[in-house]
Structures are given as structure tokens and as C-alpha cells.
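Participant: Going down the list, the protein sequences come from chains A and B. This note's numbering numbers the first residue of the first sequence as 1 and each following residue consecutively. This note's numbering numbers the first residue of the second sequence as 1 and each following residue consecutively.
Hints are computed from structural coordinates only; laboratory data are not their basis. Among these hints, one or two may not hold up.
[Stated by the list, open to error] Label-pair ranges, simulated between beta-carbon atoms:
{"no.": "1", "chain 1": "B", "residue 1": "296", "chain 2": "A", "residue 2": "12", "range": "50 to 56 Å"}
{"no.": "2", "chain 1": "A", "residue 1": "67", "chain 2": "B", "residue 2": "117", "range": "53 to 59 Å"}
{"no.": "3", "chain 1": "B", "residue 1": "10", "chain 2": "A", "residue 2": "131", "range": "24 to 30 Å"}
{"no.": "4", "chain 1": "A", "residue 1": "114", "chain 2": "B", "residue 2": "180", "range": "18 to 24 Å"}
{"no.": "5", "chain 1": "A", "residue 1": "139", "chain 2": "B", "residue 2": "72", "range": "36 to 42 Å"}
{"no.": "6", "chain 1": "B", "residue 1": "6", "chain 2": "A", "residue 2": "139", "range": "44 to 50 Å"}
{"no.": "7", "chain 1": "B", "residue 1": "116", "chain 2": "A", "residue 2": "165", "range": "51 to 57 Å"}
{"no.": "8", "chain 1": "B", "residue 1": "113", "chain 2": "A", "residue 2": "11", "range": "21 to 27 Å"}
{"no.": "9", "chain 1": "A", "residue 1": "139", "chain 2": "B", "residue 2": "295", "range": "30 to 36 Å"}
{"no.": "10", "chain 1": "B", "residue 1": "72", "chain 2": "A", "residue 2": "63", "range": "34 to 40 Å"}
{"no.": "11", "chain 1": "B", "residue 1": "298", "chain 2": "A", "residue 2": "226", "range": "37 to 43 Å"}
{"no.": "12", "chain 1": "B", "residue 1": "295", "chain 2": "A", "residue 2": "61", "range": "37 to 43 Å"}
{"no.": "13", "chain 1": "B", "residue 1": "6", "chain 2": "A", "residue 2": "130", "range": "20 to 26 Å"}
{"no.": "14", "chain 1": "B", "residue 1": "300", "chain 2": "A", "residue 2": "67", "range": "37 to 43 Å"}
[As the list claims (entries may be wrong)] Straight line, CA to CA, 20 Å or less: simulated SDA-like cross-link-like pairs of lysine to any residue:
{"no.": "15", "chain 1": "B", "residue 1": "258", "chain 2": "A", "residue 2": "90"}
{"no.": "16", "chain 1": "B", "residue 1": "258", "chain 2": "A", "residue 2": "92"}
{"no.": "17", "chain 1": "B", "residue 1": "258", "chain 2": "B", "residue 2": "270"}
{"no.": "18", "chain 1": "B", "residue 1": "135", "chain 2": "B", "residue 2": "205"}
{"no.": "19", "chain 1": "B", "residue 1": "258", "chain 2": "A", "residue 2": "154"}
[To be verified] Sample of chain A residues lacking proximity to chain B, with all beta carbon distances greater than 12 Å (derived):
{"no.": "20", "residue": "10"}
{"no.": "21", "residue": "81"}
{"no.": "22", "residue": "85"}
{"no.": "23", "residue": "118"}
{"no.": "24", "residue": "216"}
For glycine and all other residues, C-beta sits at the position ideal for the given N, C-alpha and C.
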Amino acid sequence: MLRLDNVAASYGPIEVLRQVSLEVQRGEIVCLLGGNAAGKSTTLKTVLGMLRPSGGSVVLDDQRIDRLPTEDIVRRGIALVPESRRIFARMTVWENLAMGAYSRRGAPATDFAEDLERVYTLFPRLGERATQHGGTLSGGEQQMLAIGRALMARPRLLLMDEPSMGLAPVLVEQVFEIIQTINRQGTTILVVEQNAAVALAIAHRGYVLQDGRIVMQGAAAALLDEDHIRRAYLGED
Amino acid sequence: MLDALPILPQQLVFGLALGAVYGLIALGYTMVYGVLLMINFAHGELFTIGAYVGWAVLVWLINAQLGGLHPAWVLPVLLLMAMSASGILGMTLERFAYRPLYMRGATRLGPLISAVGASIFLQNAVMLTQGARMKVYMTSLLFPRTWYLQIGGVRISALVLVMVSVALLLMWGLSLLVQRTALGRCMRAVAEDREVAAVMGVNVRRVISRTFLLGSALGGAAGVLVGLYYTQIDFFMGYSAGLKAFTAAVLGGIGNIKGAMLGGLMLGVIESLAVTFINPAYRDVVAFVVLILVLVFRPTGLLGETVPQANKV
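Please construct the entire structure, taking both the sequences and the accompanying hints into account.
Facilitator: Written out as C-alpha cells, the structure is:
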């Protein structure tokens with residue numbers, strides 16, 4: 001479904017991605033692991049066209065998307081749950097969800113109602129707080145809102161940037177259960193994580209990124225077994 | 001000082017009327033600041049151009065004996081023409097004077113300096129094409145001096161009533177648009193987090209462009225109202241009106257739409273108090289004293305909120 005071939009990208013003179021090749025197949029949960037500044041978020045930004053790759057190609061469903069503007073890429077069915085949530089704090093929960101559905105404007109209103117229903121079923125708290133401002137929610141609720149907002153776009157591919165960041169362990173577990181639920185309902189997921197153990201527990205496959213290069217890849221179970229290597233590459237998490 | 005007390009209610013009426021117009025102009029500053037974090041210093045000139053377009057249309061209509069138009073429709077026509085002209089010009093400025101700078105990742109200072117340049121350019125363009133002498137709005141033909149409301153010692157002219165109503169109506173319309181429509185949601189989303197808004201599929205450039213269109217159109221409408229009120233306009237009128245409206249926007253909390261309206265009304269009232277109790281000559285000084293006081297003691301303004309900036313990696 002999504003394929004990156006030898007993607008390179010830099011912020012000004014700083015080269016962040018050197019050669020990143022990875023693939024996400026329909027129906028999978030793939031995790032992209034790596035330490036700080038390994039290039040994980042940059043990889044997602046490159047997929048979404050928020051950063052233009054300086055080399056290589058990004059292909060979605062056999063079509064190159066690496067020259068398209070972000071809003072076009074999003075309309076092709078990719079949604080993002082950004083790092084540290086970045087919900088719209090001064091907008092209500094409902095308005096945040098409406099923004100999530102923006103890329104599908106023009107779709108019948110019943111679709112919107114259906115998607116809203118689905119998100120409220122997945123996260124009943126959001127339904128209870130529909131008229132509250134996003135900024136008044138707790139950290140966990142904000143993460144739910146960020147995920148719900150992305151789901152409102154009916155993405156075929158959901159990108160998640162560090163969904164466990166800043167959450168209590170109980171909540172991390174909840175979030176990852178929800179990721180599995182969403183995946184079972186038919187959404188392909190590419191999740192970036194520093195918390196390797198929890199990500200590999202739900203992923204089908206994983207890639208390890210270091211200094212802008214993919215240094216390891218394989219089935220999640222196999223990567224989990226490579227315990228000593230994992231520690232060496234990822235440090236303590 | 002207390003001898004001035006009897007005229008205070010009358011002065012307050014004038015203050016509120018002017019304040020509503022300041023608020024209208026202030027909206028343009030605050031909306032643009034919201035989405036682009038820049039002060040559009042050419043906004044005062046868009047207001048001037050609105051006043052000139054309204055004047056030209058009025059002169060044309062009067063020469064054509066209104067061309068069969070019912071007199072009640074004159075003001076709406078003036079407003080519509082002025083708003084279109086200022087709105088389109090504001091959009092054009094954004095496209096050619098600011099976007100090339102902010103899109104190439106220039107510092108925030110780049111578009112700001114470009115705006116100062118645009119302001120000087122437009123001011124001189126108006127002077128060169130329209131002359132340096134003032135033009136006269138034939139207000140009394142639309143709103144005869146004999147039309148007024150007398151409440152005790154306070155006289156409220158029809159013009160002031162209409163002026164305040166139009167300003168409030170436009171503000172109300174804008175609030176509705178910002179709070180209730182998809183475009184309004186997009187504007188707020190872009191103001192809060194441009195990058196994430198783009199990831200939601202929002203065409204950020206188009207939203208910024210529409211913001212300029214709306215804000216500048218409101219400035220153009222204010223130009224017509226001020227022209228009718230003072231009956232005289234000149235190429236330089238946007239300078240002080242612009243600075244006052246900017247003060248109003250800062251007073252209310254720059255970037256905050258309700259704040260701009262509140263700041264405008266407050267500034268109008270403060271000005272009328274100063275005129276009543278200190279000296280009419282200080283009318284223009286007051287705004288700048290307020291600006292300095294706000295910047296020193298409460299830079300976020302009355303309704304300004306300090307929302308922690310989302311970390312933008």
C-alpha cells in the first residue's frame with residue numbers, strides 16, 4: 001500500500017534521512033522504532049508532504065505522492081495522529097472532529113454522522129465532552145481526541161507519531177488496544193514509537209531506524225527476541 | 001473639569017459610535033495576525049481606499065440622480081462597492097506582497113516590512129491619482145441633519161444610529177462566520193496550528209487569502225462609515241485610523257476577534273472621556289498612551305490568552 005524507496009530528506013544543511021526504504025502492506029500494523037533524532041517523525045512528515053524528500057520516492061497504491069501538496073495526499077486516504085497530540089485547544093471536541101473530516105467535505109452528511117458515531121462508540125468520553133474545548137481535556141482524553149480526529153477522515157492508512165508519549169502506563173495500554181481495534185476494523189497502521197516493547201507487542205512487522213537509515217527489519221516477534229540488539233539500538237525506554 | 005459633566009452623555013454616544021468603527025477596522029488587523037502572526041500595516045490604506053470608493057460611487061449616484069435607486073439602497077450599495085474593492089485589494093496584497101515572503105520561510109520581519117512598504121505605496125497612489133486635497137462626502141443628502149433622536153440632553157443622529165448598527169451587524173456576521181462555518185473553523189485551525197490544519201486537508205494558503213479578503217472588506221466598510229461621519233476624507237486618513245484600530249486590537253488582545261470589537265468600543269469611549277475632561281486637542285494622543293500602557297502592563301491585552309505554543313519540530 002505504502003512504499004518508501006531510498007528516501008532522503010534534510011532540514012536545510014542537516015541530513016535527517018539518508019536512505020529509508022520501507023513498506024506497509026494493506027491490513028498491517030507496522031512499527032517504526034528508533035531513538036531520539038533517528039528520523040522517525042521526519043519519515044512521517046515526508047510521507048505527508050510536509051517535507052519534500054531530496055531523493056528517493058514515496059509511493060501510495062502504485063502512484064508517486066512525494067511531489068503532491070499535503071492536502072492532496074491526505075485526500076488520498078492518509079491521516080496522521082501527530083506527536084504530542086496537537087489537538088486544537090481553542091476549539092470544541094466536536095469542532096476538532098469536524099476538522100478531522102474536512103478532507104472528506106462534499107461526502108454525504110450521513111457519512112459524517114456515521115463516522116462521528118463510530119468515534120463516540122470507540123471513545124465514549126469524547127461524546128460526553130463534545131462541547132468542551134479541547135484544551136480542557138486531560139492528556140489521555142486529548143490522545144483519544146487526536147486519534148478520533150484522524151479517524152474522521154476515514155483513512156485507509158493511519159500514521160501515528162509516538163502515541164504513548166506522556167501517557168501513564170495504564171493509558172498506554174488502552175491506546176494500543178484501541179490501535180489494534182482500529183486495525184481490525186480495516187485500517188492499515190504505521191506507528192512510530194520509542195517504546196519498542198509495547199509497539200512490537202501489537203505490530204505485525206517492525207523497522208529500526210538509526211541516524212536516518214533502516215538498520216533492522218523483520219517480523220515483530222523476531223525483533224522482540226533480539227532483545228540485546230534492541231537495547232543497544234534503542235537505549236532504555 | 002466638572003463643568004464638562006453635562007456634555008458627557010453626548011460625548012459617550014460619539015465615543016461608542018467611533019469605537020464601533022475602530023472595532024471594525026481592528027478586526028482586519030487581528031484576523032490577519034491570527035492566521036499569519038503579522039501586522040498588516042497596509043490595512044489603514046485599505047480603509048482609506050474603501051472611503052474613496054464609497055465617495056466615488058456616491059458622487060456618481062448623485063450625478064445620475066441615483067439612477068432610479070431608492071435612497072435607502074444608497075448606503076448598502078456604497079458599502080458593497082467599498083467592501084469589494086478593499087477586500088480584493090487586500091487579497092492581492094497578500095498574494096503578491098506577503099505570500100512570496102512567508103512561503104519562502106522568510107523571518108516574520110519580512111512580510112512586516114513589506115506591509116510598511118505597501119502602506120507607503122498605496123498612500124501615495126491615492127494621493128497621486130486623487131490629489132492631496134480632501135474630498136467631501138455629501139452626507140446630508142443621505143442623512144439630513146433634521147433626522148435625530150432626542151433622549152433627554154442627548155441627541156443621537158440617524159447617521160450615528162445607522163453607523164453603529166452597520167458596524168455591529170458586520171461584527172455579528174463575522175462572528176457567526178468564524179464560529180459556525182467550515183471556513184471559520186479552518187481559519188481558527190490555521191491560527192492555532194497551521195501544520196496540523198494542513199494535515200487535516202486544509203488548503204492553508206487559500207484560508208489565509210480568504211482571511212485577508214474578509215478583514216480588508218470590513219476595513220473598506222469602515223472607510224465609508226468614517227467618510228459619512230466626518231464628511232471629509234483625504235489620502236492620509238488611514239494613518240491615524242489604522243494606528244487607533246491597531247491599538248484597539250492590541251488592547252483587546254491581538255489575534256482575538258471578540259477582543260478587537262471590545263478594544264474598539266473601549267478605545268472610542270476612552271477617547272471621548274479624554275475629549276470631555278482633558279482637552280479635545282488630546283484626542284489622538286489618548287490612543288497612543290493606551291497602546292503604550294497596554295504593551296507595558298498587559299501585552300496580551302484584555303482577552304488575550306496565553307495558550308502554550310504547540311511544539312513545532
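Participant: Would you mind marking each hint as holding or not holding in the structure?
Facilitator: Hints versus structure:
1. B:296 <-> A:12: 50 to 56 Å: The hinted range 50 to 56 Å is violated for residue 296 of chain B and residue 12 of chain A, with Cβ atoms some 37 Å apart.
2. A:67 <-> B:117: 53 to 59 Å: 34 Å, violated
3. B:10 <-> A:131: 24 to 30 Å: 43 Å, violated
4. A:114 <-> B:180: 18 to 24 Å: 22 Å, holds
5. A:139 <-> B:72: 36 to 42 Å: 57 Å, violated
6. B:6 <-> A:139: 44 to 50 Å: Violated, at about 59 Å.
7. B:116 <-> A:165: 51 to 57 Å: 42 Å, violated
8. B:113 <-> A:11: 21 to 27 Å: This hint holds: roughly 26 Å between Cβ atoms.
9. A:139 <-> B:295: 30 to 36 Å: At 35 Å between Cβs, range holds.
10. B:72 <-> A:63: 34 to 40 Å: Hint violated: Cβ distance 58 Å, outside 34 to 40 Å.
11. B:298 <-> A:226: 37 to 43 Å: Since residue 298 of chain B and residue 226 of chain A have Cβ atoms about 57 Å apart, the given range 37 to 43 Å is violated.
12. B:295 <-> A:61: 37 to 43 Å: 54 Å, violated
13. B:6 <-> A:130: 20 to 26 Å: 53 Å, violated
14. B:300 <-> A:67: 37 to 43 Å: Between residue 300 of chain B and residue 67 of chain A, where Cβ atoms are some 41 Å apart, the hint holds.
15. B:258 <-> A:90: Satisfied, since the Cα-Cα distance of roughly 14 Å is no more than 20 Å.
16. B:258 <-> A:92: 17 Å, holds
17. B:258 <-> B:270: With Cα atoms ~18 Å apart, residue 258 of chain B and residue 270 of chain B stay inside 20 Å; holds.
18. B:135 <-> B:205: 37 Å, violated
19. B:258 <-> A:154: 35 Å, violated
20. 10: Non-interface label stands for residue 10 of chain A: nearest chain B Cβ at 14 Å, farther than 12 Å.
21. 81: The assertion about residue 81 of chain A is violated, with a minimum of 10 Å to chain B.
22. 85: Its Cβ does come within 12 Å of chain B, the nearest being 9 Å, so this is violated.
23. 118: Consistent with the label, residue 118 of chain A stays out of reach of chain B, its closest Cβ about 18 Å off (over 12 Å).
24. 216: 24 Å, holds
Figure legend: structure checked against the earlier numbered hints; hints not met, in rising order: 1, 2, 3, 5, 6, 7, 10, 11, 12, 13, 18, 19, 21, 22.
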